[in-house]
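Q: What follows is each chain in one-letter form.
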Amino acid sequence: GENVEQHPSTLSVQEGDSAVIKCTYSDSASNYFPWYKQELGKRPQLIIDIRSNVGEKKDQRIAVTLNKTAKHFSLHITETQPEDSAVYFCAASIRIYFGSGTKLNVKP
Amino acid sequence: GAVVSQHPSRVICKSGTSVKIECRSLDFQATTMFWYRQFPKQSLMLMATSNEGSKATYEQGVEKDKFLINHASLTLSTLTVTSAHPEDSSFYICSARGDSSRDSPLHFGNGTRLTVT
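Chains as they are written, first to last, in our numbering: chain A, 1 to 108; chain B, 109 to 225.
A portion of the hints provided could be inaccurate.
Said to hold, decoys possible - With a straight-line cut-off of 20 Å between C-alpha atoms, the simulated DMTMM-like cross-links for lysine to aspartate or glutamate are: (1) Lys-22(A) x Glu-5(A); (2) Lys-22(A) x Glu-56(A); (3) Lys-174(B) x Glu-130(B); (4) Lys-37(A) x Asp-49(A); (5) Lys-42(A) x Glu-130(B); (6) Lys-149(B) x Glu-56(A); (7) Lys-107(A) x Asp-17(A); (8) Lys-128(B) x Glu-195(B); (9) Lys-42(A) x Glu-83(A); (10) Lys-122(B) x Glu-195(B); (11) Lys-68(A) x Glu-5(A); (12) Lys-149(B) x Asp-84(A); (13) Lys-149(B) x Glu-5(A); (14) Lys-149(B) x Glu-39(A); (15) Lys-68(A) x Glu-2(A).
Since the hints were derived computationally from the structure, they do not count as laboratory data. Values in this document were obtained by computation on a predicted structure and should not be read as measured data.
Given only the sequences and the hints, what does the whole structure look like? Please build it.
A: Below is the structure:
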């Protein structure tokens with residue numbers, strides 16, 4: 001199956017700063033790349049996704065970029081707020097294989 | 109729209125017993141559902157892909173006789189953990205796509221926390 005790697009595993013930022021989480025994937029046939037946010041004990045929630053025919057997508061403070069040639073994609077959160085603190089997962093491929101997750105801690 | 113309901117949310121069972129977890133798509137039909145397992149502070153590990161009307165596709169290393177999957181209708185998939193042992197204690201979560209296209213997002217159930225004593 002697909003192999004998705006995610007970095008960093010933990011990220012601490014000051015409120016108002018930007019946060020960037022990066023993922024790489026192995027299967028060049030993958031064409032769909034969602035990002036999920038999971039709060040403790042809860043289900044993952046889709047926050048943004050991108051398809052392979054697009055290089056960048058933005059939704060308010062959240063943006064995702066995709067480089068198909070290099071097989072990597074990134075999540076960018078600007079003006080971080082304490083409520084952004086959670087675990088973020090990237091995913092790839094048809095059956096949705098997840099990265100290892102990034103615990104984001106936004107310090108007020 | 110695209111609500112996935114999972115029951116039970118928590119279950120405690122004794123070692124050697126079997127536990128069934130249900131995953132329902134409430135307002136859409138799901139020909140395919142996915143079952144994941146998540147250990148504390150770890151990622152979601154895909155266990156199997158549940159296909160309506162046919163056998164499930166298991167990921168490498170997942171015992172199909174241990175984790176029985178049945179997808180008998182377009183709105184219901186079940187995962188049965190047979191002869192459960194303490195090492196099966198985990199958070200199990202199902203998901204389904206809101207439509208049949210391969211690049212549509214997954215919608216997740218609330219998960220089931222299984223504790224085997």
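Q: Sort out whether Glu-2(A) lies within 20 Å of Lys-68(A), counting only the CA atoms.
A: Answer holds: Lys-68(A) to Glu-2(A) is near 15 Å, not above 20 Å.
Q: Decide if the proposed pair is consistent with the structure: Lys-174(B) and Glu-130(B), CA atoms, cutoff 20 Å inclusive.
A: With a Cα-Cα distance of about 16 Å, the restraint between Lys-174(B) and Glu-130(B) holds, given a limit of 20 Å.
Q: Hint check: Lys-122(B) vs Glu-195(B), CA-CA at most 20 Å. Holds or violated?
A: holds (12 Å)
Q: For the pair we were handed, Lys-149(B) and Asp-84(A), check the Cα-Cα distance against 20 Å.
A: It holds: about 17 Å lies between the C-alpha atoms, which stays within 20 Å.
Q: Taking only the CA atoms, is the gap from Lys-149(B) to Glu-39(A) under or equal to 20 Å?
A: holds (11 Å)
Q: Mind checking the alpha carbons of Lys-42(A) and Glu-130(B) for me, to see if they're no more than 20 Å apart?
A: holds (17 Å)
Q: Check the hint pairing Lys-128(B) with Glu-195(B) against an upper bound of 20 Å on the C-alpha distance.
A: holds (17 Å)
Q: Is Lys-68(A) close enough to Glu-5(A), meaning Cα to Cα at most 20 Å?
A: holds (15 Å)
Q: Check whether the Cα positions of Lys-149(B) and Glu-56(A) lie no farther apart than 20 Å.
A: Not satisfied, since the Cα-Cα distance of roughly 29 Å exceeds 20 Å.
Q: Please verify whether Lys-149(B) and Glu-5(A) have alpha carbons no more than 20 Å apart.
A: The given pair, whose Cα atoms are some 16 Å apart, holds under the 20 Å limit.
Q: If you draw a straight line from the CA of Lys-42(A) to the CA of Glu-83(A), is it 20 Å or shorter?
A: holds (15 Å)
Q: Are the Cα atoms of Lys-22(A) and Glu-56(A) separated by 20 Å or less?
A: holds (14 Å)
Of the numbered hints given earlier, the model fails hint 6 alone.
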